[in-house]
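Student: Chain A is already provided as a structure; the job is to place chain B on it using the hints.
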Amino acid sequence: EDQVTQSPEALRLQEGESSSLNCSYTVSGLRGLFWYRQDPGKGPEFLFTLYSAGEEKEKERLKATLTKKESFLHITAPKPEDSATYLCAVHAGGGADGLTFGKGTHLIIQP
Amino acid sequence: DAGVIQSPRHEVTEMGQEVTLRCKPISGHNSLFWYRQTMMRGLELLIYFNNNVPIDDSGMPEDRFSAKMPNASFSTLKIQPSEPRDSAVYFCASRAGGTNNQPQHFGDGTRLSIL
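Chains A and B are the protein sequences, given in the same order.
Quick note: the first sequence uses this note's numbering, first residue 1, plus one each step.
Quick note: the second sequence uses this note's numbering, first residue 1, plus one each step.
These are computed hints drawn from the structure, not numbers from a lab.
Quick reminder that beta carbons are idealized off the backbone N, C-alpha and C, glycines included.
Hints may contain errors.
[What the hints assert, rightly or not] Which chain B residues face chain A? A few, computed with CB under 10 Å, are given here:
id: 1; residue: Leu43
id: 2; residue: Asn50
id: 3; residue: Asn51
Pulled out of the complex, with its shape left as it was, chain B reads as follows:
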C-alpha cells in the first residue's frame, strides 16, 4: 500500500515568495496532520483535519500560514510571504478512523529552505 506522499521533497526559494506544500494521505484515512520539524524545537503540530474539516489550527505560527483540504485525498500547506525563519522540514501524517489512538503515519517530508 502506498504511504503518505508529500511533494516537493525539497524546496529552495527566496524570501517573500509563496510556497505551497502538498500531501496525499493514505487512502481511507480520515484524519490529516501537518507538523514542522526543526533542530531547536523538534516536531511541532501545526494543524489537523478530521473528515476534511480543520479542527485545530492553534499551532499555525502566523497568518502567513494557511492549510486546506479540499477532498479526502489532498491537502496543501501554504506560506505567503515566506521568511527565512520558516526554513524547516514539514511533515504530513494521516490516521485511520475509529478510536483516535490509532497511530499516525508520516510522509517523508518537504525540506524547505528560504533564502
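So that you can see chain A by itself, here it is in the shape it has in the complex:
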C-alpha cells in the first residue's frame, strides 16, 4: 500500500527564517511526486511535480527536491503570505491513477 508521511505536522517560523518540510514516501513505482499549497477554505493549489531522484524545481521562495525515499520543500526567507498547509502527494504505478496524499504540514510565518 502506498504511504506518504509528512513532517512536521505544524511549523511556526519568524519572517525571514528559512526551513524545510519533509515528505517521506513508500510506493510501488513512483510516477510523480506533487507538492500543493492549501489555504483555509480553499482547494489544494498545484506547486511542483518531481519525477526522478535528483530533480529540483523552484518557484519564488520555494524549492522542491526529490530522493528515492523522500522529498523536501525548502522555503527561503519566508513571508507571512507563505503561511498555508503544504501537501505532498504521490502518483504511483500499478494502474492506479489517483494521488495518495500526506496529511500536510501547517506552516505559520509570523511577521
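Tutor: Relative to the frame of chain A, chain B by itself:
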C-alpha cells in the same frame, strides 16, 4: 480561465437526506477525480473518471455513495441516505490528457455537515 467549479460551497442537512454535490471540470480536461478531506484521514480518493467513464471506485466508502459523469463538463457525487460520519469537505479535481503525470487541479470544495 475558469478553474474547477463546485457547488454548493456549503451544505447542511439532516441524517437520512439525499445529498448531491456538483462539479464542473476545467474545459478540455478529460480526467475527473472526487476526493474527501477530513482531519483524521486527510485527502482520500473516492473515484475517478477518464473520458466520462468511471475507472476506479474502490475508494467509495459504501453503496450509499454514487458518482456520475453524464458529459465532459459535469459530474455529480450523491450520498443517499446521508449519515453524520459523511461530514467532510469534498473536492473535485480535473486533469488534462496526455501523460497521466499532468497535475490535478482542484476546486474549492463543498463543506458538508450532516446533523
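Student: Decide, hint by hint, whether the structure agrees.
Tutor: Hints versus structure:
A hinted interface residue such as leucine 43/B counts as satisfied when its beta carbon comes closer than 10 Å to some beta carbon of chain A; here the least separation is about 4 Å, so the hint holds. Nearest Cβ of chain A to the Cβ of asparagine 50/B: about 7 Å, under the 10 Å cut. The hint holds. Hint on asparagine 51/B is violated. Least Cβ distance to chain A is approximately 12 Å, over the 10 Å limit.
The structure does not agree with numbered hint 3 stated previously, though it agrees with all others.
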